[in-house]
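Participant: Chain by chain, the residues run as shown.
Number of protein chains: 2
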Amino acid sequence: MEKAVGEADKAGAEMILTKNQEVTDSARGQILNLLAERRSPYGFSMRRVEAEKLRRLFQAARWAPSSYNEQPWSFLVATRDNPEDYDRLLNTLVEFNRQWAGQAPVLALGVAKLAFDRDGRTNRHAWYDLGQAVADLTVQATAEGLSVHQMAGFDAEKARQEFQIPAGYEPVVVMAIGYPDDSEVSESGRPRSRKPLKEFVFGGSWGQTSTLVASDFAHEGGFDDQSN
Amino acid sequence: MEKAVGEADKAGAEMILTKNQEVTDSARGQILNLLAERRSPYGFSMRRVEAEKLRRLFQAARWAPSSYNEQPWSFLVATRDNPEDYDRLLNTLVEFNRQWAGQAPVLALGVAKLAFDRDGRTNRHAWYDLGQAVADLTVQATAEGLSVHQMAGFDAEKARQEFQIPAGYEPVVVMAIGYPDDSEVSESGRPRSRKPLKEFVFGGSWGQTSTLVASDFAHEGGFDDQSN
Numbered sequence: 416m417e418k419a420v421g422e423a424d425k426a427g428a429e430m431i432l433t434k435n436q437e438v439t440d441s442a443r444g445q446i447l448n449l450l451a452e453r454r455s456p457y458g459f460s461m462r463r464v465e466a467e468k469l470r471r472l473f474q475a476a477r478w479a480p481s482s483y484n485e486q487p488w489s490f491l492v493a494t495r496d497n498p499e500d501y502d503r504l505l506n507t508l509v510e511f512n513r514q515w516a517g518q519a520p521v522l523a524l525g526v527a528k529l530a531f532d533r534d535g536r537t538n539r540h541a542w543y544d545l546g547q548a549v550a551d552l553t554v555q556a557t558a559e560g561l562s563v564h565q566m567a568g569f570d571a572e573k574a575r576q577e578f579q580i581p582a583g584y585e586p587v588v589v590m591a592i593g594y595p596d597d598s599e600v601s602e603s604g605r606p607r608s609r610k611p612l613k614e615f616v617f618g619g620s621w622g623q624t625s626t627l628v629a630s631d632f633a634h635e636g637g638f639d640d641q642s643n
Numbered sequence: 416m417e418k419a420v421g422e423a424d425k426a427g428a429e430m431i432l433t434k435n436q437e438v439t440d441s442a443r444g445q446i447l448n449l450l451a452e453r454r455s456p457y458g459f460s461m462r463r464v465e466a467e468k469l470r471r472l473f474q475a476a477r478w479a480p481s482s483y484n485e486q487p488w489s490f491l492v493a494t495r496d497n498p499e500d501y502d503r504l505l506n507t508l509v510e511f512n513r514q515w516a517g518q519a520p521v522l523a524l525g526v527a528k529l530a531f532d533r534d535g536r537t538n539r540h541a542w543y544d545l546g547q548a549v550a551d552l553t554v555q556a557t558a559e560g561l562s563v564h565q566m567a568g569f570d571a572e573k574a575r576q577e578f579q580i581p582a583g584y585e586p587v588v589v590m591a592i593g594y595p596d597d598s599e600v601s602e603s604g605r606p607r608s609r610k611p612l613k614e615f616v617f618g619g620s621w622g623q624t625s626t627l628v629a630s631d632f633a634h635e636g637g638f639d640d641q642s643n
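One line per chain: the protein sequences are F and R, in this order. If you read the first sequence in our numbering, its first letter stands for residue 416, the second for the next number, and so on. If you read the second sequence in our numbering, its first letter stands for residue 416, the second for the next number, and so on.
The hints are simulated quantities; they were obtained by calculation from the structure and are not laboratory data. Misleading hints may appear alongside valid ones.
Which copy? The list can't say, so a pair holds if one copy fits it or any two copies do.
[Said to hold, decoys possible] Only pairs whose alpha carbons sit at most 27 Å apart, straight line, appear in this in silico BS3-like list of lysine-lysine:
#, residue 1, residue 2
1, 468, 528
2, 613, 528
3, 613, 573
4, 610, 468
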């Protein structure tokens with residue numbers, strides 16, 4: 416399953432051009448540049464990432480909110496300074512991801528702890544909270560001029576074995592981190608695309624567009640891209 | 416299970432003072448204020464939240480990354496302008512949360528779609544990606560002067576029934592959103608606390624602190640709080 420997911424990263428990139436509509440920069444301009452300008456590039460510069468910047472990325476993850484403040488996230492980080500560890504993590508990726516991600520100066524594995532520290536019960540928000548931590552890490556990265564490209568396409572069991580990850584902890588995501596290579600013609604240049612708000616912001620009952628967003632276009636021409 | 420989780424929100428708040436160490440503002444000052452100053456307050460101002468601000472919150476969620484760009488998130492929003500819908504969502508909360516969250520001018524339910532649109536297979540990152548979207552929503556909220564307090568403590572099945580949420584979609588989180596009530600003596604004033612980096616940033620193998628963070632204290636006194 417992991418492999419299938421990974422191989423379709425490229426298919427996913429194709430899909431955004433057909434399934435959803437493209438948007439203009441002005442549509443994103445309404446929100447923070449830190450969020451609007453984030454990308455998941457396929458091209459990274461070879462430039463080394465400063466250790467203090469990397470620490471700030473993990474500080475950002477650290478301060479994310481979580482259910483019970485359990486902080487169910489851990490990260491395993493590998494930089495090119497340790498080529499052996501780097502290669503072990505790189506080799507958990509599916510073929511397609513291994514090709515492009517091997518350019519990135521930093522790889523990091525995100526791991527979720529599946530049970531609460533406090534009582535051993537299942538923490539149903541473990542993955543959710545890891546997602547929040549990685550999102551905050553990514554916001555900090557953007558502020559530092561770095562890009563983060565997350566991958567579902569890796570072999571979680573291989574990662575578990577390579578890095579002795581115990582039962583009860585689940586490898587969830589591998590991130591490629593680095594300075595984007597702006598000179599490269601890559602997938603990064605594709606327009607980013609998303610569903611319009613009216614398709615996922617509801618009020619009253621499921622599937623009923625919230626009045627908050629239903630009239631976006633009428634009230635604020637150009638605010639959102641609801642043309643298709 | 417939901418109820419048990421919810422009722423322990425308060426216990427969770429207590430826990431942060433004993434389990435983890437407190438940190439000073441300077442320790443957080445190394446990362447973006449948007450991340451460092453985020454809080455999950457229990458006290459909200461009655462001030463109405465402007466519709467355009469709410470739309471920007473959902474725009475921020477919209478632009479989050481997701482596996483295959485599936486965007487498996489939906490939100491059901493209720494403001495005090497629609498007291499009936501608001502009360503229906505409020506009443507899905509467990510008793511402890513209902514008490515304080517009923518002050519918030521906006522409640523929003525976050526829902527994850529569990530299967531991929533593209534092929535119907537299980538999307539194991541559905542909750543994770545919803546977490547990312549909510550984290551980005553929260554960053555935008557902080558920039559707007561708003562606070563978001565997330566709750567696991569609600570009855571997901573009651574929410575499903577009240578709002579006709581179909582099978583295959585899972586109610587994951589309820590958010591209270593509004594301007595924080597700074598005048599109130601509340602839980603909000605508690606010091607926030609987190610595990611030190613050395614406990615969750617590993618290198619080489621599981622449990623082995625990454626050299627990136629092992630020497631934080633020596634290199635950058637006061638950078639991190641590793642005093643206990």
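Participant: Hint by hint, say whether it matches the structure.
Facilitator: Each hint, compared with the structure:
1. 468 to 528: Within one copy only: 25 Å inside a chain, 34 Å across chains, cut-off 27 Å.
2. 613 to 528: For residue 613 and residue 528, only the inter-copy Cα distance (16 Å) is at most 27 Å; the intra-copy one is 35 Å.
3. 613 to 573: Between copies, since 24 Å is at most 27 Å while 41 Å is not.
4. 610 to 468: between (33 Å within a copy, 19 Å between copies)
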